[in-house]
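Since each chain comes alone in its own frame, lean on the hints to assemble the complex.
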Amino acid sequence: MADKHNKAIIEVKNIKKSFRIPLDKKSGIKQAVTSLLKPKKGFRDFVALNGVSFDIFEGEFFGIVGRNGSGKSTLLKMLAGVYTQDEGSINVKGSLTPFIELGVGFNPELSGKENVFLNGALLGFSHQEMEAMYNDIVDFAELHDFMEERLKNYSSGMQVRLAFSIAIRAQTDILLLDEVLAVGDMAFQKKCFDYFMQLKSEKRTVVLVTHDMSAVRQYCDRAIMIDSGKIVESGRVEKVAQRYQRLFSDGPSQPTDDTGSDEDGDRWGNRKMLAQHTKVKVTPSNIKVDVTYMANEALPAPVLGFNIYNSHGMNMLEGNTIRTKVKTKNLAKNEGLSISWEFPNTLAAGTYSLSVSCCDSSATEYYDWLNNAKEFTIEKDGNTAALIDPEIKVSKPKYKNGNQES
Amino acid sequence: MKLSNVFNRRNRILLRELVVTDFKLRYQGSVLGYLWSLLRPLLFFTILYVVFVRFLRFGEGVEHFAVSLLLGIVLWTFFVEATTQGMQAIVARGDLIRKIYFPKYIIIMSATVSALINLCFNMVVVLFFIFLNGVDLTATILLVPLNILQLYLLALAIATGLAVLFVKYRDISHLWEVFLQGLFYATPILYPISIVIDNTSETVAKILMLNPVAEIIQTTRYNAISHDTITTTSFIDNPFIASIPYIVTVGIAIWAVYLFKKQQRYFAENV
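Protein chains in written order, with my numbering: chain X, 2 to 407; chain S, 7 to 277.
Excised from the complex, chain S in its bound form (with noise of 0.2 Å):
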């Protein structure tokens, strides 16, 4: 696998036409078709934001709370969804494996992209309610691409290395479902950190911020929204420490394609 051939233009190709299949595939039979991709975030946003913002009364006297918990649950719908599917795809694509040579990871890429396209289309419903909210923007806004980017390859690897355990132990999706479940909680998506350090400790909230997908999300929102939020690098003096989230995703990375060369070759007769 030379780095070179990744994206020959067969693969690139490959990519393209299977990412277009699974887009036409997923919204096939709805009347509202591609929106359904904006309205589930939105969905999902408006029970949180009743229930926890106005209800419960989280983030008050946070700037922007609205805003912020709207970019928060577009990146985790993000995560959710290009982990998830990612780590069905050889599976899903059993098919082809059987009976065609073509690289692995196109499927897994094909998986995530899909699911990055759709991030695109929402935030481009999250730049307008960015606007709509007049957000001060600043020059960091720029720097959100990179953060997506980040994002993007931290979902790929856990995607790849749970793809290659699901061809042989189908439990790590129900696995994977709970993690995601307790990992939304422990990620300050539908609470602002400021919460935990108040009513709980500081030390607890450092440690929140050490996961990666969290130092993500706050750098976002530090980047569009406002540059008071808390972010991991701020928060953690540090730098060694502060470091952390980036080397999980690092190690994440090196153990999913250690992972990925050794079994896929097997993936055919797996599948």
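Only chain X is shown next, with the shape it has when bound in the complex (with noise of 0.2 Å):
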């Protein structure tokens, strides 16, 4: 969560943006002409943003969600003074790295070598100071035997690892992120997430857009989310991550899904049912969830489910009826249900959130959703800091005698 007392370093207010687009593609003096000859609308004005207002304090790890042309990547083109805006404000405190995509200005005809000098200067680097840093660079993109290659040889996963190794050492207060987190592979995601977690310590200020949800309740602290131009959903990590998962389930094609709902944030789903009482039971062996419902009109046979996320908002394990094939009955109305979950206690110790669905067979539609319907901690022997820790049973050493042959 945000640190409210921490001073807002960007102050975004109601700002709106519109594209014009052309509707016959004019880019040429004859059509100019004829336009002025024959004055017909010639485009039209595409809303890109529309009254937009959020504010980025200190120290945080920002995200902002949305699918494709939702107006995010306008959102953040505009912190970084791409575009300007037509109304509203944006106030940033604070230098900027005004990168939003890795790699802007690579050239594929350079080497990697130049183009590690060039994208430098972007970033407010002079020859001298790339030259100090150079070595590196090259370090940490382990790139070494490639420098000399000319930059259209290079794979793409290696030309982001480059371009990261370079934005990296942009010394800003803030830094503008868009879909980094994409590529690369195992070891060098590790790298990112390092340095992620070394610019939280370093309490710099980050912007994350991405639609990578398991980034985003990663590393982000707070979270917005934008559609067709405004935001939709903001604060908690996991609530603006289910919003938008939330939107690849119902779908557009169901608009009147959300009517009636229960917006509070913690709960959604248009109520046709409800889970009433939930209780979690925690043993050294095992984990029994219970859950009953009630359903408010007479449903099909429902499909019930669960979720447990971590402190982080990581899920770490989820169940539902169709998973574990059980069948649901149809039901009538004001007519109740329970279910229990049971599985072994293989998390690690810590503290956890239940989360409780139910949904229609095909899961389009959403009768309710409650997160945090149980907090519950687990206690166990000894740390690990790996994400599950379920009893590992082991053998007893064996040993050979080092003078036979294997």
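Hints are computed from structural coordinates only; laboratory data are not their basis. It is possible that part of the hints are untrue.
Here are a few chain X residues that face chain S, going by a calculated C-beta distance under 8 Å [unchecked claim]:
no.: 1; residue: 108
no.: 2; residue: 109
no.: 3; residue: 111
no.: 4; residue: 127
no.: 5; residue: 229
We put the CB at the ideal spot given by N, CA and C, even for glycine.
Set out below in structure tokens:
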């Protein structure tokens, strides 16, 4: 969560932005002249952002999510100063790395080395400064043998590694990142993760635009979701991430889904059926979850489910009646039902949050999704940095005679 | 756009790196590399020299006409390069403009500075020929850098204006190409202005001398090669009319800056 006492480093107030999309491509004088003679509207206005306001606080890892064409990249470009808003104001207090994308200005005809210097110049580093950090950049990118090669011979992963290695040299207060985590192998993603964690500890501010909800859950302190140029959800990462995922589960074909729903953030759905009581019982060997539901109207056989999130909002495990192949039957109005889930206690020590849900058989219509239905703590002997901590059976070490040939 | 910010540290770094990149890219993969920036105007000069000076006998009676022609071609080549590349710079660097914020005039500058560097190399060749031809050097040759500066500012102003228009109307590049062809013949580069005075009329010659490019080329020739060269100020007595080339230059600059300031924030969307 945001520390409210921190000062806002980026203030966005009610910005609006629309683009003129030419109806027929008007990029010549002939068209300009003919449209002068025949005055007709040769364009349509596309509203990319319509009254967006939010603050980003110092030291915050801030996520902006939304599907393609929702306006999130336009928003980032406006934060970077690439686009100018039609209305409203953006107030950035601090220096800002203007990278919307990694490897801007990379030229495929130049060598990796030459591109490092060009890219560095865009970040504001002189030739001498780049010279001084050149070896570190190459080390981080792990591209020692390729620096004299032309960039066009690089794989896309190699290009991103190089670009990322340069970008992290930027000593600005705010970093703007658009979809960077999507590329790179596991080892490189680990490096990105370490770097992000370092940024967090240095209290640098990062704005991340992505579709990747696991990245948002993993790194971000707070997030907003943009849809059709407006903020539709903001605040807690888990809430935003779920709202985003819901976009794809209800789909736009059922716009009435949300009518009458309870939008308090921790609970959503059309309330045709509600989760009423939940109970979590933790033993050293097992975890048992009991949920009771009540149907507010007659419904076809529902699908029931639950998720368990750790304190970072990561989805640790989930279960539902489809996956566990349990049949439910049609419900009458005011009919209740209860269900129990039981599974081995493999979670690592920590605090967890339970979400319970119910939806129709195709999972397109959500009746109820209740976040934080219960919070519970797992205590275990010994520490682990891993996400799960199952009981591990181990054999006694067996030793072989060193003289024997194996 | 404060003037003090125009050349702040970050912008200088960027300008330098863009110019260097431009140079590397332009001659990449060619055997002679940078030499081409010298060879091109020299080869052009050779053609014009053979056709117009040897066969058609242009410039007979004009002292050091060959060197004069070379100097004219070198300055003209710069003007063409700077305006054409400057005009296309914003569109050509659209990838940068769409993704990163930085002062956009840097791009136009880097394109024109590349041309300016070429001009400097070429001026070395011209100097070599000046010595070879036994031109009597006078102290006015020290003024040549000022003439080049004036030509650079004119080219930068035109490039800026055209670059803004080119973002919206791609026809501009074709129009400008034709315009340049016309201007080449309207400027006393491959013929001495005296031909026009003798064969047509003095008035026409005077009108031709009001063209800023003609004014600069003739003044440079005056300063570097021969004080017999007819310049705008020596040819036109009325000081107000004689200052028209300067007024035109300043006018273009004001128009270009106004247009650029008005439009630059939309480059990222339109490019």
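We went through each hint and held it up to the structure:
Interface hint at residue 108 of chain X: satisfied, since its Cβ lies 7 Å from the closest Cβ of chain S, which is below the 8 Å cut-off. The interface hint given for residue 109 of chain X is broken, as the beta carbon of that residue sits about 10 Å from the closest beta carbon of chain S, more than 8 Å. With 8 Å as the threshold, the beta carbon of residue 111 of chain X comes within range of chain S, its nearest partner Cβ sitting at about 7 Å, so the hint holds. Checking residue 127 of chain X against chain S: minimum C-beta separation of about 5 Å stays under 8 Å; hint holds.
Given the 8 Å rule on beta carbons, the hint for residue 229 of chain X is violated: about 19 Å separates it from the nearest Cβ of chain S.
Of the hints listed earlier, those the structure fails to meet are numbers 2 and 5, in rising order.
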